[in-house]
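Asks: Residue numbers (full-length UniProt numbering): 1 to 328.
Read the hints as simulated data drawn from the structure, not as lab findings.
C-beta atoms are modelled at their ideal positions from N, C-alpha and C, and glycine is treated no differently.
Among the hints, erroneous ones may be present.
Lysine-lysine pairs mimicking DSBU-like chemistry, simulated, CA-CA at most 30 Å apart [as the list claims (entries may be wrong)]:
#1 K22 with K283
#2 K105 with K283
#3 K105 with K167
#4 K151 with K167
#5 K256 with K306
#6 K22 with K54
#7 K304 with K54
#8 K194 with K167
What follows is a set of in silico ranges between Cβ atoms, one per label pair, in the way DEER data are often shown [to be verified]:
#9 P176 with D235: 33 to 41 Å
#10 P210 with H111: 18 to 26 Å
#11 E187 with S317: 30 to 38 Å
#12 E233 with P100: 25 to 33 Å
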Amino acid sequence: MTAETSLPTGEDLLSEIDRLRKEKNAIILAHYYQTADIQDIADFVGDSLELSRKAAETDADVIVFCGVKFMADTAKILSPEKIVVLPDMDAGCSLEDSCPPEKFKAFREAHPDHIALTYINCSTEVKALSDVIVTSSSAETIISQIPEDQKIIFGPDRHLGGYMSRKFNREMLLWPGVCIVHEAFSETELLKLKAQHPDAPVAAHPECPPTIIDHADYVGSTSGILQFAKTFEGDTLIVATEPHIIHQMEKALPEKNFIGAPGADGNCSCNICPYMALNTMEKMYACLRDLEPRIEIEEGLRLKAKQSLDKMLEMASGTIGKGDLGKV
1 MTAETSLPTG EDLLSEIDRL RKEKNAIILA HYYQTADIQD IADFVGDSLE LSRKAAETDA
61 DVIVFCGVKF MADTAKILSP EKIVVLPDMD AGCSLEDSCP PEKFKAFREA HPDHIALTYI
121 NCSTEVKALS DVIVTSSSAE TIISQIPEDQ KIIFGPDRHL GGYMSRKFNR EMLLWPGVCI
181 VHEAFSETEL LKLKAQHPDA PVAAHPECPP TIIDHADYVG STSGILQFAK TFEGDTLIVA
241 TEPHIIHQME KALPEKNFIG APGADGNCSC NICPYMALNT MEKMYACLRD LEPRIEIEEG
301 LRLKAKQSLD KMLEMASGTI GKGDLGKV
């Protein structure tokens, strides 16, 4: 049976998801970039690694990861005994796509005196080729612990790597990948929006290019931006990341106004992640019903990838999900 046939709708769909969740002893994880309906039915909503770690701590038999494939892969790396399913296996990531394992391996071999700090938005194979995985909330803590004479490769996000390089005044070899969502923000349109709301601070994800970061009052992970939204003074915040996070802000602070930073066309529609959008309530129901499509990782590869994740947790366990990049 496919996701396109015999699907319940409306309240029946919600009831069936709840029934299957209990029957299969499953938990539903939703990244902040998922649509509001998926966020609202999830057991946990958060950043990718934060979600995988929470899932690993539960006694659930099944993890339904409503995000993109590298996130579900990470959940499987940390919870190999659990069944991990992804509503749509085509939900990929432009950063992962930008960094093919064979090219990254060759790049590493060409620079043997460098260690590889690799953003978690990458494939399991690239994680296995890396020394330390970083998140947008842990990168600063990890880099601060690396001796200044140690050369660094940072991939696959050149904007996050560039932000860290500027902040630490430290040269790094940057892999040339970008997030197509954050790359789409327009400096010109952002400045127009700031002129309309002169007292509104800007919160930006470090995957944004420097032309956006330079105008930000706060730079941090999705969790960090959400925390900033809960603490900033004023009534309006401009948000430069995928706009579905605004749902959580509006739930927590209905009295405040949150505006998505615009793209080149003057609105934020071009900044909706097309990969995240592939997941739907209907596909979530179908994958929970069928326990397919399922994430499978060869054990030797899983253990190699886990080493780089474990190294991150060893160096920065207190920062995961905390958004500790702080003010610019």
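Asks: Measure nothing beyond the straight line between the CA atoms of K304 and K54; if it is 30 Å or shorter, mark the hint as holding.
Replies: Since the Cα atoms of K304 and K54 sit roughly 21 Å apart, the hinted pair holds (cutoff 30 Å).
Asks: Is it true that E187 and S317 lie within 30 to 38 Å of each other by Cβ?
Replies: holds (36 Å)
Asks: Taking 33 to 41 Å as the hint, is the beta-carbon distance of P176 and D235 inside that range?
Replies: With Cβ atoms ~39 Å apart, the hint holds.
Asks: Taking 30 Å as the top limit, are the C-alpha atoms of K194 and K167 close enough?
Replies: holds (24 Å)
Asks: Mind checking the alpha carbons of K22 and K283 for me, to see if they're no more than 30 Å apart?
Replies: Satisfied, since the Cα-Cα distance of roughly 18 Å is no more than 30 Å.
Asks: Run the distance test for K151 versus K167: straight-line Cα separation, threshold 30 Å.
Replies: holds (16 Å)
Asks: Holds or violated: 25 to 33 Å for the Cβ distance of E233 and P100?
Replies: violated (45 Å)
Asks: With the threshold set at 30 Å, check whether the alpha-carbon distance from K105 to K283 stays at or below it.
Replies: Given pair K105, K283 is violated - Cα atoms ~35 Å apart, limit 30 Å.
Asks: Checking one constraint from the list: CA of K256 to CA of K306, max 30 Å. Satisfied?
Replies: The hint is violated at about 41 Å.
Asks: Would the hint linking K22 and K54 be met if the CA-CA limit is 30 Å?
Replies: holds (18 Å)
Asks: Cβ-Cβ distance between P210 and H111: within 18 to 26 Å?
Replies: Given about 24 Å between the Cβ atoms, the range holds.
Asks: For K105 and K167, compute the direct alpha-carbon distance and say whether it is at most 30 Å.
Replies: Satisfied, since the Cα-Cα distance of roughly 27 Å is no more than 30 Å.
Hint compliance for this structure: hints 2, 5 and 12 are not met, and every other hint is.
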